[in-house]
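Engineer: If you're matching them up, the sequences are chains Y and Z in order. Residues in the first sequence are numbered from 2 upward in steps of one, following my numbering. Residues in the second sequence are numbered from 2 upward in steps of one, following my numbering.
To be clear, the hints were calculated from the coordinates, so they are not data collected in a lab. Since the model is a prediction, treat every value here as computed from it, not as a measurement. Just so it is clear, CB atoms sit at the ideal spot from N, CA and C, and this is done for glycine as well. Be aware that one or more of the hints could be misleading.
As the list claims (entries may be wrong) - Derived pair list, reagent style EDC-like, types lysine to aspartate or glutamate, alpha-carbon separation capped at 16 Å:
1. Y/K266 - Z/D444
2. Y/K73 - Z/D416
3. Z/K314 - Y/E81
4. Y/K96 - Y/E81
5. Y/K314 - Z/D132
6. Z/K26 - Y/D444
Claimed, not checked - Derived coverage of chain Z by chain Y (criterion: at least 3 residues anywhere in the stretch with Cβ under 8 Å from a Cβ of chain Y; other residues may be distant):
7. 9–22
8. 91–98
9. 114–128
10. 325–332
11. 341–350
What the hints assert, rightly or not - Sample of chain Z residues with no beta-carbon within 12 Å of chain Y, all distances over it, derived:
12. I79
13. N208
14. V242
15. R362
There are 2 protein chains.
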Amino acid sequence: MIDMKTDLLIIGGGAAGIPAALTAKSFYPDKKVTMIRKEPKAVVPCGIPYISTTLNGEIEKDVIPDTMLTGKRIEIIIDEVRSIERESKSVTTSKGDQINYDKLILATGSEPIVPPIPGVNVKNVFSVKKDARYLEELFSAMPYSEDIVIIGGGFIGVEFADDISKGDANVSIVEMLPRCLMAAFDEDFCAKAEDELKKEGVNIYTNCTAEAIIGEEKVEYVKLSNKDEIKADMVILGIGVKPNVELAKNSGLKISEKGGIWVDKYMRTEDKDIFAIGDCAESYSFFTKDPVPLRLASIASNEGRIAGANAFKLRRINEGTIGTFSTMAGNYGFAKTGLTQKDAKDFGYEIVVGDAEAPDRHPATLPGMHMIKVRLIFEKTTAQLIGGEIYGSGSAAGCMINTVATMVQNRMIIDEIPTFQMGTHPLMTCSPANCHILNAAEDAISKL
Amino acid sequence: MIDMKTDLLIIGGGAAGIPAALTAKSFYPDKKVTMIRKEPKAVVPCGIPYISTTLNGEIEKDVIPDTMLTGKRIEIIIDEVRSIERESKSVTTSKGDQINYDKLILATGSEPIVPPIPGVNVKNVFSVKKDARYLEELFSAMPYSEDIVIIGGGFIGVEFADDISKGDANVSIVEMLPRCLMAAFDEDFCAKAEDELKKEGVNIYTNCTAEAIIGEEKVEYVKLSNKDEIKADMVILGIGVKPNVELAKNSGLKISEKGGIWVDKYMRTEDKDIFAIGDCAESYSFFTKDPVPLRLASIASNEGRIAGANAFKLRRINEGTIGTFSTMAGNYGFAKTGLTQKDAKDFGYEIVVGDAEAPDRHPATLPGMHMIKVRLIFEKTTAQLIGGEIYGSGSAAGCMINTVATMVQNRMIIDEIPTFQMGTHPLMTCSPANCHILNAAEDAISKL
C-alpha cells in the first residue's frame, strides 16, 4: 500500500481531465498535478466511430499519447478510485493505495445507456465505451460482420453508420424520432443528412424502436416496432449516456436533479476543494441558465480549462453551455451552435430566422466547389443571435460554425452581423458579396 | 440623348457596388436602383489570378452573372460617367446621357499602379486590371509564355505565381522587401509561404527591384537591382493600386490626404447625398481610427453593405477596417486579421503574442491531416485581441481566420478566449484539448 500526497488530483483522463491537468500545470507550474484513470490507454472519444473503416480497425491510431501529459510533468497513475474521504482529503484506490490531495477534480465521465431490450446481452451487441480493451472486442468482431444495425440515430449512431458505409458491411440505423440527429438540427437539416447517408448506402428506419434483439450464439436479427426484422451480425447501441456520479454521491456531494454532479459557475461542487467537470458534471444553458443534457467533448474540455485555472485560485467563470457541434454524413459536414428553432420555441422565445446558400468558392466555376447553407436564429425582442446551423463541405462547415459560435457567445445582435468583416478567398470561401453568414442575417432582417 | 431619373445611382459594379445595390434593394424595395459601369462584363476581382491555370485561361468562368442584380430588379447601364452635377443631382455619361439621382454611391474602384520602370510599355507587360477585355489580352498571351516574371510579391503577385506554377511556365517573383507578403504577415509566416512557393517551383528574388524591362518586339528579360537578368516572355505588375477619385475630385468632393475619397462613418462624402465605398474611398483603422491603405474586396463589400443600408435612412455605422485576408501558397492557406506584430509596434502598442500548432484532425493519424499554426496578438494594457495569423490546410485557414476576426471585432480579451466554446470534429478540426486558437491564447497568458 502506497500513501502519497499530491497538490491536485484529477480522477479521469478523458476530454475533461486532460485539459484540466494541462491548464492547471500552466497556471500553477510549481504544483504537483496527478491524474488517475482506470484505462491503461486513453482513447480519443470522438474518434471512436472512425476506427471502423477510416482507421482500418486500428484502435492504436485513436489513442491519446500520454507524453502530452508526462511531457509537462503531470504524473499518471493507472488505477481506479474506490472512495473519496473528504474529511481527510484523500482517496482510496482499487489497489488499496491512498492518495492525499489538496484539490480534487472529478472528471469521471459517463457510461453508455444500455436499453432494456430483450436480447441486449446476446453476443456481438456492443455499446460505445471509451475503453480500449472493450473497443478491441467491438472492432475485432466488425470485419466479420456483414450486417450491422445501429440503434440510435444521434451523433454517435450517424458517425458509426457513415464510417461503416465506407467499408463492405451493410449498415442500418434505427431511430425512435421522425429523423436522425433531431435533437441537434432543424428538420430540413436532418433530412439533408439522411439523404447523404442514404446515398452512401445506409438504411434508415425512423419513427421506430428496436423491440428485441434475437440470436442464439450471437445476434441474428433485430425486431422493430414496425414489425420489420433486420438481419444483423452486430448491433451497436448509441442511445445516449448517463453521468458517472457514484463516487461523488457516495462521498456525500450533491447531485443535481438532472443527474449530473452539482457545480457552481467556477466548476466547484458543494465541497470547495472538489471540482467536477465534463460528462459527470451538470451543465447549464448559456441562454436560460437551466440544466441542459449536453455531453460533448468540447464542453468537457471547456469545463476542464475552467477548473484547471481555478484549482488554486478562482480565475475563470463558466458562462454556461452553448452547445457547438459538428458531424459528417457522406461528403457533407453538418454543424450547429446554440439553439435550434425547436429548442428556442420550447424555451418560449419568439424567433426570426434567416437562411442563405452560396458556393464555398468564388467564382463558383472553380473545381471542388460545394454549396454551403447557413441558418441563423435570432431572439426577436432583443434581436440577439441565439443559434446557427450550417451544412456544406466538411472542414468549411466544421470551421465556419465556430465563427457563428463566437457571434453567439458575444451576444451579437442582428444588425451587427451583415457588416461583420469576413475574410474571403477564391479557393477557400464564398465571395464577400455572397457571404452566407452575412446574407443569412440580411435575410432575417428582411423578415423583421 | 436620354434623360432618366433613378432613386439610387451606383457608379461602379465591382465588389463594393454589387453589395451596395443588393443591400439597398433589400432595405428599400420600392426605390429604383440603377448601377452604371463601363465594363460590359463584371469580373470576380479576387478570382483573376486563378484564371491562369485553375480556370484554364477562361475569363468567362470568372464573370459575375448580371442576373444576381437584374433578378432583384436592379437596372444595369453599361456606360461611363464623365461628370457629376451635384447642384442638379445628375450625372452625364460618355454617350451624352443624363441620369438624375436622388442618392448617389461612388464605387469607382482603383487602378493598378504602373511603376516608372524603363520598358514598362513593351509588349507583354501587363498590369492587373479588373476589365475582361484587357484580361483577354493577358490570358491569351499566357499560354505562349515560357518565362513569366511577376513584379511585386504581395497578394496579387503571390497568387499569380502560385497558380501559374500549377501549369507549364517558369515563374519568378521580384519583391523589393526582404520577404513576400510582408505587409500582411509576420516574418516567419512570410518565410513559410515562400517555402511553399519554392516547392511549387516559383523563383523568388527578394530585397530586389526591377530596374528595367528589356525587349524589342516584346519583353525579353528583366534587369534587377542585384544585376541579375531574368528571362521573360511576359511580365505581370502587381505592386499596388491607386484609388479612382477623378470623378469625385472634379465634382468638388473632398479627397483625404491619403488619396481616397473622404467619407464619414456612414460612408457619406461631404455631400450628404453622395456616398463613396470600396477602393475609391478612404478606409479607417478599427484600432486607431487613422486612415489605412487597405484595399480588399471584403472591405469593399462591407462598405457596400453599409452604404446600401444607409442610402435613404442612416442605419449602419462603419466601425473601421480590421483587414481580414487569406491567400494560398502551394497546399497551404495563409490568413490574417487585424494587426501584425510590426503593425502593432508601429502604432505604439505594447503586445503579448501566443502561438499554437496542432493537427487539423483528431486523432492526428486520420488521413489528410495537415498541421495548422495559429498566432494571436494582444495589446498588453487592455489585454484586448488585436490580431491573428493562421497557416494550414486551405479551407480551414480561410474559415478559421473568421473566428479570430469575430473575436477581434468583439474586442475579446485574453482570458475570455481559452474558455471559448469551440465545436470540434475528428474529420474537420483539431481536438478540443489541443485547439489552436484556445491554446495560442493560453500561451500568451503564460507570458503575461
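Engineer: Does each hint hold? Answer for all of them.
Structural biologist: Hints, one by one, checked against the model:
1. Y/K266 - Z/D444: 24 Å, violated
2. Y/K73 - Z/D416: Measuring from Cα to Cα gives roughly 22 Å; hence the hint is violated.
3. Z/K314 - Y/E81: Since the Cα atoms of Z/K314 and Y/E81 sit roughly 67 Å apart, the hinted pair is violated (cutoff 16 Å).
4. Y/K96 - Y/E81: 8 Å, holds
5. Y/K314 - Z/D132: 62 Å, violated
6. Z/K26 - Y/D444: Answer holds: Z/K26 to Y/D444 is near 12 Å, not above 16 Å.
7. 9–22: It holds, with 3 qualifying residues against the three required.
8. 91–98: violated (count 0)
9. 114–128: The restraint on the region 114–128 of chain Z is violated, since only 0 of its residues have a Cβ under 8 Å from chain Y and three are required.
10. 325–332: Held - the region 325–332 of chain Z has 5 residues with a Cβ nearer than 8 Å to chain Y, which meets the minimum of three.
11. 341–350: That given contact is violated, which follows from only 0 residues of the region 341–350 of chain Z lying within Cβ reach (below 8 Å) of chain Y.
12. I79: 19 Å, holds
13. N208: Non-interface label stands for Z/N208: nearest chain Y Cβ at 27 Å, farther than 12 Å.
14. V242: Holds, since 17 Å exceeds 12 Å.
15. R362: Z/R362 not clear of chain Y: closest Cβ-Cβ about 9 Å, inside 12 Å.
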